[in-house]
Amino acid sequence: MIFWGASWISTKVLTTYVNEYELVFLRMGICFITMFPIIYFYKLSFKIDLKSFYLILVASVILTFYSIVMFLGVEHGTGSFGGALVTTLIPIITFILIAFLHKKTISLKHSFALILGAFGVLNMLNIWNFNLYEIFSKDNIYFLLAAFLWSILTIVTSKATKINAFVFTFYTYIISSSTLFIFFVDANIFEKVLDFDFIFWFNIFVITILSTTFATSIYFIGASKLGAKEASSYIFLVPASALSFGAIFLGEEITFNVIIGTIFTIIAIYILNNLNFFKLFKEN
Numbered sequence: 001m002i003f004w005g006a007s008w009i010s011t012k013v014l015t016t017y018v019n020e021y022e023l024v025f026l027r028m029g030i031c032f033i034t035m036f037p038i039i040y041f042y043k044l045s046f047k048i049d050l051k052s053f054y055l056i057l058v059a060s061v062i063l064t065f066y067s068i069v070m071f072l073g074v075e076h077g078t079g080s081f082g083g084a085l086v087t088t089l090i091p092i093i094t095f096i097l098i099a100f101l102h103k104k105t106i107s108l109k110h111s112f113a114l115i116l117g118a119f120g121v122l123n124m125l126n127i128w129n130f131n132l133y134e135i136f137s138k139d140n141i142y143f144l145l146a147a148f149l150w151s152i153l154t155i156v157t158s159k160a161t162k163i164n165a166f167v168f169t170f171y172t173y174i175i176s177s178s179t180l181f182i183f184f185v186d187a188n189i190f191e192k193v194l195d196f197d198f199i200f201w202f203n204i205f206v207i208t209i210l211s212t213t214f215a216t217s218i219y220f221i222g223a224s225k226l227g228a229k230e231a232s233s234y235i236f237l238v239p240a241s242a243l244s245f246g247a248i249f250l251g252e253e254i255t256f257n258v259i260i261g262t263i264f265t266i267i268a269i270y271i272l273n274n275l276n277f278f279k280l281f282k283e284n
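Under full-length UniProt numbering, the residue at position 129 of the sequence shown is numbered 129, and the numbers go up by one with no gaps.
Simulated from the structure, these hints should not be mistaken for laboratory data.
What you are looking at is a predicted structure, and each value in this text was computed from that prediction instead of being measured.
If a hint is listed, it holds; no wrong ones were tucked in.
Derived pair list, reagent style DSS-like, types lysine-lysine, alpha-carbon separation capped at 30 Å:
| hint | residue 1 | residue 2 |
| --- | --- | --- |
| 1 | 51 | 159 |
| 2 | 159 | 109 |
| 3 | 225 | 159 |
| 4 | 159 | 43 |
| 5 | 162 | 47 |
| 6 | 225 | 109 |
| 7 | 103 | 162 |
| 8 | 138 | 192 |
| 9 | 51 | 225 |
The calculated label-pair distances, taken between Cβ atoms and stated as ranges, are:
| hint | residue 1 | residue 2 | range |
| --- | --- | --- | --- |
| 10 | 49 | 259 | 39 to 49 Å |
| 11 | 194 | 107 | 51 to 61 Å |
| 12 | 33 | 105 | 45 to 55 Å |
| 13 | 251 | 54 | 38 to 48 Å |
| 14 | 254 | 49 | 41 to 51 Å |
| 15 | 187 | 251 | 32 to 42 Å |
| 16 | 119 | 33 | 35 to 45 Å |
| 17 | 179 | 122 | 31 to 41 Å |
| 18 | 112 | 205 | 38 to 48 Å |
| 19 | 107 | 190 | 51 to 61 Å |
| 20 | 182 | 37 | 23 to 33 Å |
| 21 | 214 | 43 | 17 to 27 Å |
All residues carry an ideal CB built from backbone N, CA and C; glycine is no exception.
Construct the complete structure from the given sequences, taking the supplied hints into account.
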């Protein structure tokens, strides 16, 4: 979760070097290359059934769109705000989608948590100023869409129970990077990036090896083992990381509204998942 928070700040830095398609291609391409030794070392099977194949295709499309939308949001806004807003929205949206898909009635406790979370998000968007331009700015729209896409991705991933999470992620990255290279990325991208400085490569390392190959793979394992709702609850650790890294390395301003909103959404997420937490604690 700390590496995920850092990735938002690194993405902001990388927006000055490449466009959204180039960055997503580099991120996915480097990740599937670095994951291959892991799969080979653990002797994981590359075989997939038909259901897993369909889920991989769907996940590849969603992950690609999420990554592009995330880039555009950070490009127009700030990495710290995006990291706080998106990652606190994801568990709430995931909970609502699962309740809707399974046609479950939302209890009074959960309703209170959702209202609390909504209040936190509205506070982060600074809706109390009633400035429509600010509320519906490009970065806010991109961030809201990114949260929705990742929630769907979490649910799709949790359905892939007949395939190892690393293998699932590996195929997802291959399809995503290949599609982007064929349709959206110029072939001279490799010559272009070789001329970039240490800052570029360090931040590429953060968003690929640390944030994606390691952190995202672990998240997918959690989603397949614990379930989508339980896995998404751990995301509440990301906002503090993103806000801290943004303030330290980019000098991004942390407003009072963002801090208060983040606290409210974290409390809401805890309420939504505390029964599962205590159940897991007793089982262990």
